[in-house]
Structure formats: C-alpha cells, structure tokens
Amino acid sequence: MSKPEVDAGDSVHRGNPVVVDRYTAAARVNHWITAISLVLLALSGLALFTPSLYFLTGLFGGGSTTRMLHPWIGVVLFLSFSGLFFRFFRLNLWERTDSIWLSRLRDVLAGDEHKLPEVGKYNAGQKMVFWSMSLFILVLITSGVVIWDQYFANYFTVEQKRIAVLVHSGTAIVAICVWIVHVYAAIWVRGTIGAMTRGKVTGGWAWRHHRKWLKDLVTTKH
Amino acid sequence: MFTPVPNPTTKPIPAKFGEQDLIRRSASSVTPPAKRQTEVAKLIDVSKCIGCKACQVACLEWNNLTEEVGVNVGVYDNPHDLTENTWTLMRYTEYENAESGNLEWLIRKDGCMHCEDPGCLKACPAPGAIVQYSNGIVDFVHDKCIGCGYCIKGCPFNIPRISKADSKAYKCTLCVDRVAVGQGPACQKACPTQAIVFGTKDEMKQWADHRIKDLKSRGFTNAGLYDPPGVGGTHVMYVLQHADKPQIYAGLANNPSISPIVEVWKGVSKYVGLAAIGAFAAFGFLHHAVAGANRVTEEDEKNAERLTEGKS
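Protein chains in written order, with the numbering used here: chain A, 1 to 222; chain B, 1 to 312.
There could be a bad hint or two in this list.
With a straight-line Cα cutoff of 27 Å, these simulated BS3-like cross-link-like pairs (lysine-lysine) come out [to be verified]: (1) A:K115 / A:K215; (2) B:K53 / B:K144; (3) A:K215 / B:K53; (4) B:K168 / B:K270; (5) B:K53 / A:K212; (6) A:K200 / A:K215; (7) A:K3 / B:K302; (8) B:K53 / A:K200; (9) B:K53 / A:K115.
Hints listed in this document are in silico derivations from the structure and should not be mistaken for laboratory results.
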C-alpha cells in the first residue's frame with residue numbers, strides 16, 4: 001500500500017453524517033489572505049492593463065494609489081502564497097494515478113467520479129492549479145520587481161522592463177484563468193467551500209471526491 | 001539667417017490651440033478635429049551648435065525648474081542624464097572621423113522628439129495623461145499621470161523621467177504654452193547661433209535642405225535630416241553631419257520605432273487576454289448549466305459512515 005495521503009490536521013469524526021477535518025484554522029487564514037490579495041491584484045492589475053477597466057482604479061482611491069498599492073499587495077500575496085506552498089506541496093506531488101485521472105477529463109466534467117481512480121487529498125486538477133499558481137506567482141513577483149519603478153527603476157534597462165511588463169501581463173491573464181477554474185470547481189462541486197470556511201467537509205463528500213484520502217484517514221487516525 | 005519667430009505682443013491673447021485640437025489622447029479615444037493645425041517642428045542643427053547650454057538654462061528658466069548641483073566626472077554632459085527637471089540635455093561626443101582625420105565635437109541636444117506616432121502615449125494606461133495636439137506637440141498632463149512609468153517603456157528614445165518628488169512623468173513640452181500664443185520654444189529663443197530654429201514642419205524641412213546643401217559643399221557628403229519614418233516622423237528634427245550614422249551622436253537611435261514588445265503588449269494581448277478570461281468564465285456558466293451541480297448523494301454519506309464504523 002502506498003504512503004497515507006493525509007496532513008497532520010486532518011481527521012475523521014464518526015456520526016451522521018461523518019465529518020472530516022480538511023484544513024486547519026491556520027491554513028484557512030493563510031488561504032484567505034492569499035485569496036483576498038489575489039482578487040485585489042487582479043482588479044488593480046486589470047485596471048492598469050486595459051483602458052476599458054481603468055475605472056477599477058476608483059476602488060483603490062485613484063490611479064496613482066492603485067499604481068502604488070498593486071506591488072505591495074503583490075508582496076503580501078507572494079509571502080502568503082509561499083506559506084500555502086510549504087503547507088500543501090507534499091500532497092500535491094504528482095503521481096501515476098493523476099495522469100490516469102487527467103486522461104479521463106470527460107468523466108470528471110460529467111461528474112462520473114466512480115469511473116475514475118480513487119483520489120487522495122488532492123485530485124490532478126487541484127494539483128495542476130497548485131503547481132501552475134506556484135509557477136505563475138514566482139514569474140509575477142520576479143517580473144513585477146523589474147517594473148516596480150518606484151524602487152527598482154535604476155536596476156534594469158528599458159528593454160528588460162518592456163519584456164517584463166509583457167511577461168507580467170500575460171502571466172497574470174493565465175493566472176486569472178486558472179483562478180476562475182479554481183473558484184468554479186469549488187462552486188460546482190457542492191460541499192467544497194466549507195473546507196475553506198469552517199475547515200470541514202462531510203464524509204460523503206470525502207467518499208465521493210477524495211476516497212483514498214478518506215480511507216487513509218480512517219486507517220491512520222483510528 | 002533663418003528669420004526668427006518675432007517677439008509677440010505683451011498683451012494677453014487667446015491660445016491658438018487646446019483641448020479641441022487633440023488628435024490622440026492616452027487610454028481613450030478622441031473625435032479628431034475636422035481641420036488639422038499646421039504641423040510645427042523644432043529643427044536642431046547639430047553642425048551649428050557650440051555647446052553653450054543656453055538652451056538647457058532657458059528650459060529650466062521658462063519651466064521654473066531647478067536641477068541639483070551635480071558631480072564633475074570629467075565630461076561636459078551636465079547633468080549626466082535627462083532628469084525630471086532636465087528636459088533637454090546637451091550630449092557631447094568626441095568623434096574621430098577616419099576619412100578626414102579630423103576630431104569632430106558632436107554636440108546633440110537630447111530631449112523629447114514629439115513623434116507623430118508617440119510610443120509613450122500608446123503605452124500610457126491613464127486616460128488623458130498624454131495628449132497629442134494636431135500641430136504635432138505631445139504633452140504630459142500631470143494631474144492625470146499616475147506615475148507608472150509605462151511611457152518610459154513605450155518611448156523609443158528613452159526620454160520621460162519619473163519625478164522622485166511627486167511620482168509623475170516629465171519631459172520636454174515643446175513649450176506648448178509658448179507655442180500656443182505664437183512664440184517659439186524657450187530653447188530656440190535662447191540659442192545664440194540659430195542652431196535651434198522653430199516654425200512649421202515644412203519650413204523646417206526647407207531650412208534643413210538649405211543647411212544640408214551647405215554641409216555637403218563643405219565635404220560632409222552624408223549630411224542629412226533626421227526625421228525618422230519609423231515613428232511617423234518627428235516634430236523635433238536634427239540636421240546631422242553624418243546622417244548615415246546617427247548612433248555616433250551619443251547613441252541617437254538609428255531608424256527608431258515603437259518596440260514590437262510594446263505593440264504586442266498594448267495591442268493584441270489586451271484582446272486575447274480579455275477574451276481568454278471571458279472564455280473561461282463562460283465555460284464555467286455553460287458547464288454548470290449543462291452538467292448541473294456535482295452533489296454528494298445520500299449513498300455517499302452512507303458509504304462514509306460504513307467505512308468509519310467498519311474500521312473503528
């Protein structure tokens with residue numbers, strides 16, 4: 001049998017329904033700081049990206065304030081996401097069954113999860129969101145520093161800044177698309193959002209979507 | 001002698017152009033005026049420049065700017081680069097002409113070229129922070145500037161500078177306030193050798209032709225006008241002794257144009273980007289409408305109970 005796919009804070013409580021602890025309070029706080037910063041970054045970034053959304057600068061107190069705040073929120077996101085990264089990366093490591101799961105995306109989208117391999121704490125889709133976001137945020141903070149003229153104007157050439165600003169906006173667009181997938185999946189798969197609000201899911205949810213994780217929990221924590 | 005712009009009346013007169021004459025406005029669209037004003041231009045004849053820096057001083061004076069006292073590192077350039085206060089800068093190059101065996105002192109007055117296709121304006125995300133008048137003048141509107149520095153990335157000549165004091169971008173205005181009341185720019189007014197002349201763009205081209213003929217007759221066979229077509233021409237032009245090698249004039253761009261990176265960033269990426277975001281959102285709505293919510297069933301809950309009971 002493969003190693004149990006559970007985190008330290010995960011546990012099962014018997015009852016009707018069965019309740020499963022999925023995220024600790026610290027992980028949830030960490031997640032929501034990241035989430036709020038990401039939304040603020042998307043709004044302020046899109047405002048500076050296209051004139052049709054420039055009005056969004058009004059949310060941040062005008063154009064200059066938006067320009068000043070955006071990079072600092074980026075720093076918050078980077079630090080906060082780094083926290084999530086170290087919390088979650090172990091159970092997001094890719095496994096052979098993930099490739100099988102991914103190759104049957106049609107069944108995933110149809111909700112026919114009984115046709116798929118049993119999933120640990122994270123399925124292949126969640127793992128892809130995790131790793132792509134990790135990569136994108138690294139690219140965004142790096143390219144962001146290059147175009148943060150208030151403090152780093154003299155460290156880079158104009159040509160480097162041109163490349164950085166294109167990379168930054170392109171990566172941000174893809175990251176926003178991944179974010180949409182992430183949010184949609186949480187809404188579509190009912191019972192998921194409780195994992196990040198109260199930290200708990202029902203046993204049925206775990207059985208349906210992350211059966212290997214539930215089984216591992218039952219064997220290791222009882 | 002080029003007939004200088006005459007001294008105007010000291011009585012207040014209405015501005016000859018304004019908001020209604022904008023042909024471009026950053027991050028927004030304008031209805032172009034029915035009639036375009038005569039294009040103006042400043043012609044800088046490098047061959048006539050004596051490097052006195054009167055233009056630099058006049059620029060500071062007229063625009064009420066003060067430059068910090070700098071450090072002498074053994075070159076004539078002072079300050080060392082354009083700054084938020086130094087909108088025009090004499091750049092000195094000692095050029096050894098291999099053909100004639102002469103040492104030539106090339107002195108180029110650097111500053112905004114007032115491109116017909118301004119990269120700064122294209123890159124600017126703040127509506128109305130950069131404007132272009134129909135006479136060709138490109139100006140920054142500071143109360144709308146947000147200090148992002150995108151104009152610096154858009155500019156093919158590396159001209160705008162962000163002020164450390166108020167985080168806004170500054171550059172030569174072509175003395176838009178003087179031109180509006182019929183005067184020439186302050187630098188032109190101050191130039192003691194008429195190396196800087198100002199007038200309509202056509203007049204300036206004619207004057208340049210005359211100057212180029214003169215230079216050619218003196219052995220500068222490659223003398224020519226610098227009015228780069230890559231940016232649609234400029235409203236600040238140079239007469240160069242060696243127009244075939246603009247780069248020897250302290251790195252003047254050879255055939256400049258707006259960087260293709262900036263064109264992609266400010267062009268196709270906006271449409272593709274917003275379309276991609278829209279497509280992902282639309283997929284979500286469609287999928288939910290077609291597939292419905294993915295709900296946990298009673299049986300799932302029972303299975304979970306059985307699993308936990310069985311194992312305990």
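Quick check: which numbered hints come out false for this structure? 2, 3, 5, 8, 9
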